[in-house]
Amino acid sequence: METQEQITDLEDRSTCWTCFEVFQDPITFSCSHTLCKSCAVRMTMNKRACPFCNQALDLPLPPVNKDVLSLVNRFRAVQADMDTSKLTYEQQPQSEFLSLPRDNLIEIILNLSISDIVKMSTVCRQLKSITDENFLWRQLCQNRFPFSALGKYGKSWKHCFIGQSKLNTSWNTGRAGDFKMTAYRGHTGDITTFKMYKKNIVTGGTDKELRVWRQGTEDPVYTLKGHSASVNCLDFNESRIMSGAAELIVWDVENGKMLHKMEQGGIIPCLSFGESTVTTASDGTLCVYDLRTGGEVKRYAPQVGLPNKIYCRSNEIILSGARGVRLYDLRKNHSLAVRDYDIANTGFVSSGGDNIYLSTGNDIATIDITKPGVDRWNLMGHWNLPGLMQLDGDLLATAHSAVQVYNVKTKTLVHNISMDNSVVNGLCMRNNRIVAGCSDLSIKIYDASNAKKLYYLRGGSRVVRSGHLGIQGISGVQLSAGSIIASIGDLMRVYDFDTYHAE
Amino acid sequence: MASESISVTTSDDQTIQLSRKHAQMSQTINSMLEDSVGADQEAIPLPNVSSEVLKKVIDWCTHHENDPAPVEKVKKLNKKREYKAKNSTISDEWDKNFVNAELRVIVDILLAANYLDVKGLFELMCKHIANELKGKTPDQIRERFGIQDDLTEEDKAAMRKAWGATKNDS
Chain A
1 METQEQITDL EDRSTCWTCF EVFQDPITFS CSHTLCKSCA VRMTMNKRAC PFCNQALDLP
61 LPPVNKDVLS LVNRFRAVQA DMDTSKLTYE QQPQSEFLSL PRDNLIEIIL NLSISDIVKM
121 STVCRQLKSI TDENFLWRQL CQNRFPFSAL GKYGKSWKHC FIGQSKLNTS WNTGRAGDFK
181 MTAYRGHTGD ITTFKMYKKN IVTGGTDKEL RVWRQGTEDP VYTLKGHSAS VNCLDFNESR
241 IMSGAAELIV WDVENGKMLH KMEQGGIIPC LSFGESTVTT ASDGTLCVYD LRTGGEVKRY
301 APQVGLPNKI YCRSNEIILS GARGVRLYDL RKNHSLAVRD YDIANTGFVS SGGDNIYLST
361 GNDIATIDIT KPGVDRWNLM GHWNLPGLMQ LDGDLLATAH SAVQVYNVKT KTLVHNISMD
421 NSVVNGLCMR NNRIVAGCSD LSIKIYDASN AKKLYYLRGG SRVVRSGHLG IQGISGVQLS
481 AGSIIASIGD LMRVYDFDTY HAE
Chain B
1 MASESISVTT SDDQTIQLSR KHAQMSQTIN SMLEDSVGAD QEAIPLPNVS SEVLKKVIDW
61 CTHHENDPAP VEKVKKLNKK REYKAKNSTI SDEWDKNFVN AELRVIVDIL LAANYLDVKG
121 LFELMCKHIA NELKGKTPDQ IRERFGIQDD LTEEDKAAMR KAWGATKNDS
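As given, the protein sequences belong to chains A and B, one line each in that order.
One point on numbering: in UniProt numbering, the residue at position 24 of the first sequence is 24, and numbering is uninterrupted.
One point on numbering: in UniProt numbering, the residue at position 133 of the second sequence is 133, and numbering is uninterrupted.
Keep in mind that the hints were calculated from the coordinates and are not lab data.
All of these numbers come straight from a predicted model, not from anything done at the bench.
Do not take every clue at face value.
Said to hold, decoys possible - Now the stretches of chain B that chain A is said to cover, found in silico as 3 or more residues with beta-carbon under 8 Å:
id : segment
1  : 24-34
2  : 108-114
3  : 121-129
4  : 132-138
Ideal placement from N, C-alpha and C gives every residue a C-beta, glycine not left out.
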C-alpha cells in the first residue's frame with residue numbers, strides 16, 4: 001500500500017496539465033512534455049508548438065506513451081482502492097471531525113464567536129489553516145462590518161476584519177495610542193468652514209484664504225488666495241473646489257488655480273453643488289451657475305431674509321432663510337418659487353429622501369418636499385439653533401448646552417445628554433456615535449444608542465497667542481469613517497483612529 | 001400523476017422507500033425528480049449515503065415535514081453594526097434528542113445532509129457541532145474530537161501575536 005505522499009506523486013505524474021484530468025491516451029512530445037491526445041490536438045490546432053515550452057512540433061503526433069499509460073492504470077487502481085477504504089475512515093487515527101470537507105467546517109465555524117475561533121486556530125494545523133480561510137473572514141466581515149471594503153488590506157479579509165475591529169475598539173475607547181492626532185497650522189485667522197472627503201481637507205478662514213490639506217502631510221498642499229472677505233462656506237468634489245465669501249470662486253483641485261469668479265452683490269453665506277451646477281444664496285438673490293463655464297443659469301429673488309442653508313436635489317432647490325423656506329424647480333421657466341413653507345428662522349437637515357427636518361423656534365418641523373404643508377412637533381427644552389442638527393437613520397440629534405436625541409419616527413425624545421456646562425459648537429452623529437465639539441475645548445464622544453459617555457478628547461492648550469482675541473473653543477467638528485476633524489480657532493486637528501496597517 | 005413514494009438505493013445496496021414529501025425536502029433528490037419527470041421511476045442511487053444514516057435523515061424529515069419552507073432571509077444592513085455570532089441554540093426539544101448521538105453519526109448525518117441538500121438538517125448539525133466547540137479550551141477541543149496537536153511552540157507564539165488585535169474584542 002502506498003503512502004499518502006506516494007499517491008500524491010503518482011497523481012501528479014498521471015494528471016494532464018491541460019485538462020487537469022487523469023491522462024487519456026497520453027502522448028509525449030519530443031520536448032518530453034506529456035498530455036492527453038485530445039488535449040494535444042486541441043492545443044496544437046492553431047499553433048504547431050508544445051503548449052508548455054513553445055517548441056515547434058512535427059506532425060503526425062507521436063504514438064501513445066506506454067510508460068505513462070501504465071502509471072495511469074496504477075493510479076486508477078490505487079484510487080479505486082482508496083474509494084473503498086474511505087468508507088471505513090473511522091478506523092483511521094484521524095479525527096472524524098477533521099474529515100469533514102473544508103466548506104462544512106467553515107459553515108460550523110461561522111456559528112462561533114471570535115474568541116472561540118481564535119481558540120480553534122490553536123488546536124492543530126488543519127484547523128489553523130481553516131481559520132485563516134479568506135472566505136470565512138469575508139463572511140465575518142460582512143456580518144459585523146457590513147460596509148467594510150478590502151481597500152488597503154490587500155487581499156486578506158482577515159486583515160480587514162482585524163483592522164475594522166481595531167478601529168471599532170479605538171473609536172469606543174479613545175485612549176492614547178488608539179488614534180493619531182495631527183494639528184494643521186497655517187491660517188492666520190479663525191477657521192470658519194471646512195470639509196473633509198477621504199484624505200483631503202479644505203479649510204476656509206477669516207483670513208480670506210482657503211487651504212487644501214492632505215491627511216498625513218502637515219503643510220498645506222495649496223493656499224488659495226483671491227477672496228475679498230472672510231470665507232463663509234465651501235464644498236469640493238474630485239475636480240473643483242467652490243468657496244463663497246463676498247463672491248463665489250471656483251478653483252481647480254489639480255493645481256489650485258482660480259477658474260471662475262462670480263459676483264452676486266452680497267455676502268454669500270451658503271452654497272450647494274450638484275453634478276454640474278453650483279447654487280449660491282445671498283441676501284435677496286439665489287443664483288445657479290454652471291460649474292464648467294461659470295455662466296449664470298438662473299437667478300431667483302427669494303425674499304426669505306438672510307439665507308441659512310440650501311439643499312439641492314437634482315432639479316429642486318430648497319432654500320431656508322430667516323423668514324421662510326421656499327422650494328424652487330429648475331425645470332420651470334419662470335423664476336418664482338414652486339412652494340412656500342411657512343416656517344421662520346430655520347436650519348435643517350435632510351435624510352436624502354423627501355423628508356427634511358427643520359428646527360424652528362421651539363419646534364422641529366418636518367416637510368415633505370413633494371407635498372405642501374408642514375408637520376410640526378413641539379419639543380420641550382428644544383432651542384432654536386439652526387444648523388446644529390444631525391440625522392442618522394431614525395435618530396435626530398440637536399445641540400445647544402445639551403445634546404438631545406429624538407426619534408423622528410415616533411417623534412419622541414430619546415436621550416438628553418448634558419454637556420457639563422459647555423456650549424456645543426459642532427455636532428456630528430454617525431454609526432451610532434455622537435461627537436460634540438464644545439466651547440470648553442473638548443470633543444465629547446457619546447454612544448447614541450444608550451447615551452453613555454465614551455470619552456472626551458481634549459482639544460489642546462488654552463494658551464492665547466499674541467495677536468489673537470483668545471480661543472473660543474472648538475468651532476466645528478466633522479466625522480468620517482476613520483477620523484474626527486475639529487477646528488479650534490485658526491488650528492485644525494485631525495484625530496485619525498484608523499491606525500491598523502496590514503503587514 | 002407521479003407515484004406517492006420514491007425508492008432510493010443507498011451506498012450499502014439497500015433500497016429504501018420514502019414518501020414524495022420527504023424526498024422533496026432534499027434539494028438534490030428534488031432536482032433529480034424534476035429532471036426525470038415522465039421517465040420510469042427507477043430507484044435513485046445515493047452512493048454517498050448509507051442506509052443507517054438515511055434512516056436518520058428520514059426521521060428528521062418526518063418530524064419537520066410540516067415546518068414552513070425555509071425563507072431566504074434578506075439580510076438587512078444592520079444600522080447598529082453590532083455583531084452577534086449566529087444564534088446557535090437549538091430550541092426544539094426533539095432536535096436536542098436527535099443530536100444526542102455519537103460524533104461519528106453526527107458527522108455522517110452532516111455529510112449526508114450536505115450531499116442531499118437538506119438545509120434545516122445541515123444547519124442543525126452545524127449548530128450542534130458549534131455548540132460542542134463553544135467555550136472550550138484548545139486542550140478540551142483536542143480531547144473531545146480526538147485531534148492531535150501538531151503545532152510547534154513557535155507557531156503558537158506567532159499566532160498569539162497576530163491575534164493580539166482582536167483578542168480582547170468579543
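Outcome of the hint check:
1. 24-34: violated (count 0)
2. 108-114: Coverage by chain A holds here, the residue count being 3 at a Cβ distance below 8 Å.
3. 121-129: Answer holds; 4 residues pass the 8 Å Cβ test.
4. 132-138: holds (count 6)
Checked against the numbered hints listed earlier, the structure breaks hint 1 alone; every other hint is satisfied.
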